[in-house]
Amino acid sequence: MNKFLELVKIELKVYVRDHIALFWTFLFPFFILVIFMSISPSRDNSQATDVVFIEHDASDKARDYFTELEASITKSPVTVSFSSVSTFEADADFPSNQLRIALMQDTNDNQPLLQITHASKPTQASLVLLNIIELLAGSREFQNNTTTNAYKIVIQAHESDSARSGIEGARSLTIGLICMSIMSTCFFGFSVVLVQLRAANALKMYQVMPLHKAIYSSAFMISRVLIILIFAIVFIVIADLLYGIGITYTFGNFVSFIALVSIGAMTFISIGILVASRVSSVSAANGIINVLYFPLVFLSGLFFPISSNFEWLNTIASYLPLKEYAEMFEQIIFTETSFLSFTSTLILMLVWGGIPFLISQSNFVWNADR
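Residue 290 in the working numbering sits at position 290 of the sequence shown; the count goes up by one each step and never skips.
Hints are computed from structural coordinates only; laboratory data are not their basis. Bear in mind the structure is a predicted one, so any value in this text is a computation, not a measurement. Do not rely on the hints blindly, as some may be mistaken.
[To be verified] Below, a list of computed lysine to aspartate or glutamate pairs in the DMTMM-like style, where the Cα atoms sit at most 25 Å apart:
hint	residue 1	residue 2
1	Lys75	Asp60
2	Lys121	Glu168
3	Lys152	Glu55
4	Lys152	Asp60
5	Lys152	Glu70
6	Lys75	Asp64
7	Lys75	Glu55
8	Lys121	Glu70
9	Lys152	Asp64
10	Lys121	Asp50
Take these sequences, add in the hints, and give me the full structure.
Right, dumping it as structure tokens:
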């Protein structure tokens, strides 16, 4: 066990000292995440703020209150347009430059409420006007000028369909980048490295050492799995802090996350071992890996939906490991769905990982001159 742990430690040190490998494993996915999220629809802060008065209560008292409030808002430096409606659909999409104001009664203490609703991602001008309205409605001078009693102010954010789709997009992008990084680390950081070691005859020494080859192989694999786990945990936590993707921080979800990362890592490592088992040159290994890597990424639909008029292409895509794996990953992490709901995906991952691993055991070449 001590020899095994020492080998794992050595492999981790070797990987950490490789700055290029660290860049592609840890930093590059963050660049992709920031770029993709930055080209999402932006909020236009130059447009006028639209104030909508919702007249649930069509009484003269409510109209007088809105009239006084409108007159006071007009004096503010913010460009404002006003409109009034009798009702609003609760699930209607909410423009980022809009504020909705309604008068109602608090059912708990029967106190009149001034409810102000803004978009989940409001424009800067809307936020400024929101502060102005809050100050106006709460000031004694304004309350004395109106014909109504003082209102309790309630401010809430409206999560529109576009906001929800934005969160879902950020979730899919985050999981897609994690899955892509798992596969790329297993292919380029494992398979190609094995070929490099064989080409340099560095693997030959493990045949003369008093150490079973399986111990070295296991230590090499575990070191890569640990690197992938560290990356995945750091990546998803930072993505949640930056973009609010809604991770549930529970022990059960943490265990599921580790299990999902490990399943993907072991599957793609097995494929990588098969590729490296007989390839003698690094250039050939890179060529084979690229032939596998790019079709898997693009046909999986990780970053944009894939549709084809060729039914056979859609059928092939459904049997590729990355597509089903990413969908299972996202559902289990964000909806806490059970692994039992993805039995077919787990079987698919087992087939893609088990068969290459078994084949490579009898075909792996340790010496470059064989």
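Against the structure, the hints:
1. The suggested pairing of Lys75 with Asp60 holds, with an alpha-carbon distance near 23 Å, which does not exceed 25 Å.
2. This hinted pair checks out: Lys121 and Glu168 have alpha carbons roughly 15 Å apart, not beyond 25 Å.
3. Distance hint between Lys152 and Glu55 is fulfilled; the C-alpha atoms sit about 17 Å from each other, no more than 25 Å.
4. The suggested pairing of Lys152 with Asp60 holds, with an alpha-carbon distance near 19 Å, which does not exceed 25 Å.
5. Under the criterion of a C-alpha separation no larger than 25 Å, the hint pairing Lys152 with Glu70 is consistent with the structure, at around 18 Å.
6. For a cut-off of 25 Å, the pair hint linking Lys75 to Asp64 stands: about 17 Å separates their Cα positions.
7. Between Lys75 and Glu55 the alpha-carbon distance is near 23 Å, which keeps this suggested pair within the 25 Å criterion.
8. Only pairs whose Cα atoms come within 25 Å are accepted, and Lys121 paired with Glu70 is accepted, the gap being roughly 24 Å.
9. For the hint pairing Lys152 with Asp64, the CA-to-CA distance comes to about 17 Å; that is within 25 Å, so the pair holds.
10. As the CA atoms of Lys121 and Asp50 are separated by approximately 15 Å, the hinted pair is consistent with the 25 Å bound.
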